[in-house]
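Residues per chain are reported as follows:
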Amino acid sequence: MMKLQHLFGIADLDKEQIEYLLNLGESLIDVSRRPIRKAPTLRGKTIINLFFENSTRTRTSFEIAGKRLSADVINISASTSATKKGESLLDTGQTLAAMRPHVLVVRHSISGTCQFLSEYLEGTSIVNAGDGSHEHPTQILTDLLTLRQAGGYENKVITIVGDIAHSRVGRSHLLAATLMGYRVRLVAPKTLLPAEVERYGCEISHDFDAAIPGSDVLYMLRVQTERLTDNCSFPSIREYHEAYGLNRKRLAAAGKGCLVMHPGPMNRGVEIASDVADSASARILEQVEHGVAIRMAVLTALCGDTGGEG
Amino acid sequence: MAEVIFDTVAVEQALDQLAAGIHGDEIFLAGIQQGGADVADSLQERLQARGAAVERGNLDISFYRDDLDTIGPNPEVRPSHLPFDISGKTIWLVDDVLFTGRTIRAAMGELFDYGRPAAIRLVILLDRGGHELPIAADLTGLTHAASAGCSVKLVAGDAGWHIEQRRVKV
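If you read the sequences in order, they're chains W and X. Everything in the first sequence is counted per our numbering, starting at 1087 for the first residue and increasing by one. Everything in the second sequence is counted per our numbering, starting at 2 for the first residue and increasing by one.
In case anyone wonders, no lab produced these hints; they're calculated from the structure. From a predicted model like this one, the values you see are computed outputs, not experimental measurements. Heads up, the beta-carbon is just placed ideally off N, CA and C, and yes, glycines get one too. A portion of the hints provided could be inaccurate.
[Said to hold, decoys possible] Some chain X residues judged to face chain W by a derived CB distance under 7 Å, without partners named:
1. Phe64
2. Pro76
3. Asp114
4. Ala119
5. Ala120
6. Gln166
[As the list claims (entries may be wrong)] Below, a list of computed lysine-lysine pairs in the DSSO-like style, where the Cα atoms sit at most 27 Å apart:
7. W:Lys1335 - W:Lys1276
8. W:Lys1089 - X:Lys90
9. W:Lys1242 - W:Lys1335
10. W:Lys1276 - W:Lys1242
11. W:Lys1089 - W:Lys1124
12. W:Lys1124 - X:Lys90
[Said to hold, decoys possible] Cβ pair distances, simulated, as ranges:
13. X:Arg117 - W:Glu1173: 19 to 29 Å
14. W:Arg1186 - X:Ser152: 34 to 44 Å
15. W:Met1087 - X:Val5: 27 to 37 Å
16. X:Asp8 - W:Lys1342: 47 to 57 Å
17. X:Gly150 - W:Glu1102: 30 to 40 Å
18. W:Ile1290 - X:Phe85: 49 to 59 Å
19. W:Met1185 - X:Glu77: 31 to 41 Å
20. W:Leu1265 - X:Arg117: 41 to 51 Å
Isolated chain X, as found in the complex (with noise of 0.2 Å):
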């Protein structure tokens, strides 16, 4: 059984936060599919209400993922794009859920085949714990901490999203 445990308010409220955290005139955001594009698309917005110029771009870590032998690829991947040059500038990547930290390490060796950036700042909008790799974002907009059985999604519902924690495994 689901259980909400931030509502469309709290996402909202820590939406606004991370769009404050993020500093700027000239912003480059890569989101992670498809999560991340999502929240990616709401901190665009209010980056561009605020009067940032923004790049945005989209990864998904399908094929830098370290369990192909064990799931197979991804029957839903979608491309990655990254309509600009990332050489020399501070890129901010953005997820919804930070959990082991190996999607992040897939994206990072992704970003890097498109060039060299100056920094890679981690956006996340719900840190759950349970990190196995040494990851942490440099803007968190929730934490909470999830047992290993539990999975914790962003869902789209009818008034805006809230965050789902649902048991998996017993």
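Here chain W stands alone, though its shape is the one from the complex (with noise of 0.2 Å):
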């Protein structure tokens, strides 16, 4: 197997690695159910955390995984960091790489932000915690542990709703299906898809209801409140909720086996019902869970076996 230098996206994957990294995830788990949430796997190591755009929780997620496993982590925000005074993302990028961390975490809103960073900063790996609309791996990954706890993902129809236009998770998802042999239905209204979305080769429907029958799990995405009403992406929350919102009838008629996934952060009542949310389908906080034990996986993955140097 090759040896993971990186994370970029689902698509630099194979299946190989995938089922590798949930393996490791899977296993690493019970390390944050023990009184003594420590392991010593990544004594010695440094990850920054850089994150150019909010995302408390991936954040959070990413320091408890490298903190759980002995590493030292510094978080960086755009907000505290030196671009607020014009440093170059490149120039960010380099002198924290002059620092000799082992990996960096990097969440940036333009699409390739790793890739361009890594051409760059030798001697670093880099993991994607998000760039722009274009990947999410370790959500993606995170999901596919919750679906291998509940019985696996072979075969199974994903039916994701809501914004896939500006949706990474949407996007990885694609591809992760392709690989790991299951299936994407995306729901969703025409303007909240994105422009070529039928070359992906899934299901695709505007109407919710009609895509309910058959899936194992509702995949709901959050709705960005301040888009619906920016550019007329949709009328109202309140229309929104109705055609497109993870009701209990819905769920009813979904059937007792189907779970309800959403990566988070969640706006109850728009995307999904409050007692949806709540319900026994939800597999939410599993999500959450399982996230801190697959990033620990990544960062297990990308700092083992480097031969001492870096």
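Join the two chains, each given in its own frame, into one complex according to the hints.
Here you go:
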């Protein structure tokens, strides 16, 4: 198996690598359930979380993952960094790399930021924690681990509902589905679907109710409410909830075995009704727990077998 | 080429002897993945047959190793699972083969993250020598002085377990 140098996206992984990360992740869940939540795996490794976009949950998840494995974790957010003083992305990256961290975890609003940085930062592994509307690989690995724990993802139908156009999660899932052998159905109003979405070869629907039968997972995406009013993608929150929100009735139509997932943060009453979010079908908090385990797995895979260099 | 150094009869006798050495009516067993967990399974059967209550768990020490930099994470890693509170208990830590002692050191490190046991007793099916750390077993089933270039393995065959020695480096 190819040694993992960086993690840019699902597009760069093969099936074997994904299964390997899921296997590591599955074994790391237990570390966070012990009285003493710290293993020595990454002792002496330095991880920098460089977040140009706010994301408390992803950043916290990476931070906890690193700390539970005994790495030294440093958080840098754009609001406190030198970018505010006019430093370029590349200068920020090179400056941090000169301090010789083993891993740089990057979130940025521009797609491809991680690949760009990696070309200049030799000896530092880069993890994509979300780049624009491009990819968010650790979220997809998290979802796959959650599905694996719930009985498996193979041949399952995952219906992703909501703002696909602005979602890196949707895109990454389309890539992973082909690789790992599950199916993705996309449900969204035309205004929230990306251009040329047909080329992924998935089922696309504008009618949520029609897409529910046969779904094994209803995967709700967060609606960025500011977007709804800004460019008239959708008339109102109430109407969105009626057409595309997951309520009791739709959950009942999906059947007992159907799981509800959400990458968070949730807008209760918009894409998901409050009682559905708290129902027995929801795996949303499991996703959060598994997110820490997957990020531990990714950091371990990147830091392992470095031959002592870097 | 693999050479059988202990046959099934010898292994079964050693297991009987180990089980006899584990005293008490309430026993807490922790096997080290993978071979140690298999040995712990068969010890558990023997202990339960004699009427003892056995609490069972397994440890995978992959994340507690000291050689991540040279070998990378183990792709065959399995979850550690100790479904009982170890605090104040005597834990019988079980492995198939004792070699350098590094696995046992890692396992003790992991065990302490679950709580503070009253005592840890080490149960080893085969001590092959070559210890690099001050670690010795409390109960040893078999001993065999293997040379450093040999791998010694517990192997499941059709007729039961046997122990093989194989030269891996010259």
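Tested hints:
1. With a least beta-carbon distance of about 4 Å to chain W, the hint placing Phe64 of chain X at the interface is held under the 7 Å criterion.
2. Restraint check, Pro76 of chain X versus chain W: the minimum CB separation of about 5 Å is within 7 Å; hint holds.
3. Checking Asp114 of chain X against chain W: minimum C-beta separation of about 4 Å stays under 7 Å; hint holds.
4. Look at Ala119 of chain X: its Cβ only gets to about 16 Å from chain W, farther than 7 Å, so that hint breaks.
5. The interface hint given for Ala120 of chain X is broken, as the beta carbon of that residue sits about 18 Å from the closest beta carbon of chain W, more than 7 Å.
6. Checking Gln166 of chain X against chain W: minimum C-beta separation of about 28 Å lies over 7 Å; hint violated.
7. Distance check on the hinted pair: Lys1335 of chain W and Lys1276 of chain W sit about 24 Å apart at the alpha-carbon level, within 27 Å; holds.
8. A threshold of 27 Å between alpha carbons decides the hint, and for Lys1089 of chain W with Lys90 of chain X the separation of about 41 Å lies outside it, so the pair is violated.
9. Under the criterion of a C-alpha separation no larger than 27 Å, the hint pairing Lys1242 of chain W with Lys1335 of chain W is consistent with the structure, at around 22 Å.
10. With a C-alpha separation of about 25 Å, the suggested pair Lys1276 of chain W and Lys1242 of chain W falls inside the 27 Å cut-off, and the hint holds.
11. For the hint linking Lys1089 of chain W to Lys1124 of chain W, the alpha-carbon distance of about 25 Å falls within 27 Å, and the restraint holds.
12. Only pairs whose Cα atoms come within 27 Å are accepted, and Lys1124 of chain W paired with Lys90 of chain X is accepted, the gap being roughly 21 Å.
13. A beta carbon spacing of about 49 Å between Arg117 of chain X and Glu1173 of chain W contradicts the range 19 to 29 Å that was offered as a hint.
14. Taken as a hint, the range 34 to 44 Å holds for the pair Arg1186 of chain W and Ser152 of chain X, whose Cβ atoms sit roughly 37 Å apart.
15. Under the hint 27 to 37 Å, the C-beta atoms of Met1087 of chain W and Val5 of chain X, about 32 Å apart, fit the expected range.
16. Separation of Asp8 of chain X from Lys1342 of chain W is about 53 Å and conforms to the stated range, judged on CB atoms against 47 to 57 Å.
17. Checked against the hint of 30 to 40 Å, the C-beta distance between Gly150 of chain X and Glu1102 of chain W comes to roughly 31 Å, which is consistent with it.
18. At roughly 50 Å, the beta carbons of Ile1290 of chain W and Phe85 of chain X sit within the given window of 49 to 59 Å.
19. Between Met1185 of chain W and Glu77 of chain X the beta carbon distance is about 35 Å. The supplied range of 31 to 41 Å therefore holds.
20. Checked against the hint of 41 to 51 Å, the pair Leu1265 of chain W and Arg117 of chain X passes, with Cβ atoms roughly 44 Å apart.
Violated hints, in rising order: 4, 5, 6, 8 and 13; the structure is consistent with all others.
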